[in-house]
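Chain order of the listed sequences is F and A. For the first sequence, our numbering begins at 5 and goes up steadily by one. For the second sequence, our numbering begins at 30 and goes up steadily by one.
Hints listed in this document are in silico derivations from the structure and should not be mistaken for laboratory results. Watch out, some of these pointers could steer you wrong.
In the DSSO-like style, the derived pairs of lysine-lysine whose C-alpha atoms are separated by at most 30 Å in a straight line are [to be verified]:
| id | chain 1 | residue 1 | chain 2 | residue 2 |
| --- | --- | --- | --- | --- |
| 1 | A | 167 | A | 269 |
| 2 | F | 18 | F | 141 |
| 3 | A | 269 | A | 196 |
| 4 | A | 167 | A | 77 |
| 5 | A | 77 | F | 141 |
| 6 | F | 141 | F | 61 |
| 7 | A | 167 | A | 196 |
| 8 | F | 121 | A | 183 |
| 9 | A | 77 | F | 121 |
Values in this document were obtained by computation on a predicted structure and should not be read as measured data.
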Amino acid sequence: MNVIERLRTGRDLKRRIANRRNRLYKVAYAWCGDGYLADDLVQDALARALDKAHQLKDPARLDSWLYSILNNCWREHLRSRRPDVELDEEKLECPRCPEWIAARDDLAERVQELIDKLPMGQRQVVTLIALEEFTYKEVAEALDIPIGTVMSRLARARQFMCERLNAANRVVEMPRPQLRRVK
Amino acid sequence: MNGCIPHPIDDEIHRFVDGELSAEDRQRLLERIESDPAVAARLQDLRKVNDALRHAFDGVQPPPNRRPVKRRHNGWRRAAAAAAAFLPAGFFAGWLTASVDERQSQIDALLAGGLSLGPNIAESKNAMFHIDVDDPAKFAETLDKAEALLETYKRQGARVEVVANSKGLDLLREDASPYADRVQQMLDRYDNLTLVACVNTVKRLRARGIEVRLFDETEADISAVEHVARRLQQGWTYIKI
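Kindly produce the complete structure, drawing on both the sequences and the hints.
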């Protein structure tokens, strides 16, 4: 590969890295539950990736490489200060919104809260698989864990979420009115 | 949801959901789904979890575009030198005999008085306890204080780390800790508690033929001092036991 081709390839790769921002953000947000922190993590991950772009030998593995960098950034921040968010105060009433929008937002909020309750390892695995549609192998590479661990964490995370969502549904399900023929 | 009851072939159903099965296995499972309502129900449950997850983060967007900036290299080496030079001691005099209010004020004093180099210490309740001696009384003191902090600042999401190196590593050793049961109970109880072991110490012990078994959840950093220094840069309070 001559110099010009190498430069072009490098530039293309950097553009691809920068274009991953939205996707990285979504996963970072799922991991940390904090928009500002997620943005910082992604910025840091992108900056590191751009610095190290020349180290990526196989461009086909860009995604697992990028998420492994994001994972490193996240681990470094893992126990750093998180701003207090009183979720109850954030739940603003919106009487003019159609009911179905409210219901949809409730579900999203509930799921995000559940994700927050998962142990970090499970949270990372389940979000990479559900949001990024990573293969088990890609998750294993990104998080530097064995595939067996990916599968066991995934199974535990899904079971936890399934049970909690199921329980929540039972609570909100109202008895259906019985129609009776009146003579 | 159909009750979320795990199925004996759960593993295969997960892999089906995630497109991880070979064409042959996939076909076999499809046939089983037709004939076995329990498999079909389980598949539906797992797919619903996936759908709920995707939906929950559907609208999540980063704030308006920021250009990636060159990473700043924090001066953790300077911080390491500072940490080594100013190890505070004696924070816990009279702790065990104090009332709840007194303990609260002691915790406040501890957080205010502990060594910190980061900019956010006024707001940060994150603290790390550093132990490097194998004194059971100090182990107990570490766990007492860690637990008190975790309880006191539970609602604020305070993070607490117990960083151990040298002979203090015994506290984090499942096979040697005099408080193994208590440590495990605390790990089970507090998500915000992390144990951090110094890799250099573990390596030294192994080089001497000592097999080290740490608690499962223990994290490792190459050097305790570097770890402490990094945390200080992030605004954590450092408390030497």
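Agreement of residue 77(A) and residue 121(F) with the hint, judged by alpha carbon distance not exceeding 30 Å: holds, 19 Å
Restraint status (C-alpha distance of residue 121(F) to residue 183(A) at most 30 Å): holds, 14 Å
Restraint status (C-alpha distance of residue 141(F) to residue 61(F) at most 30 Å): holds, 18 Å
30 Å Cα cutoff - pair residue 269(A), residue 196(A): With a Cα-Cα distance of about 14 Å, the restraint between residue 269(A) and residue 196(A) holds, given a limit of 30 Å.
Hint consistency between residue 77(A) and residue 141(F) [alpha-carbon to alpha-carbon, up to 30 Å]: holds, 23 Å
Restraint check for residue 167(A) with residue 196(A), where alpha carbons must lie at most 30 Å apart: Roughly 12 Å between the alpha carbons, so the hint for residue 167(A) and residue 196(A) holds.
30 Å limit on alpha-carbon distance, applied to hinted pair residue 18(F) and residue 141(F): holds, 24 Å
Straight-line alpha-carbon gap residue 167(A) to residue 77(A), limit 30 Å: violated, 49 Å
30 Å limit on alpha-carbon distance, applied to hinted pair residue 167(A) and residue 269(A): holds, 10 Å
Checked against the numbered hints given earlier, this structure breaks only hint 4.
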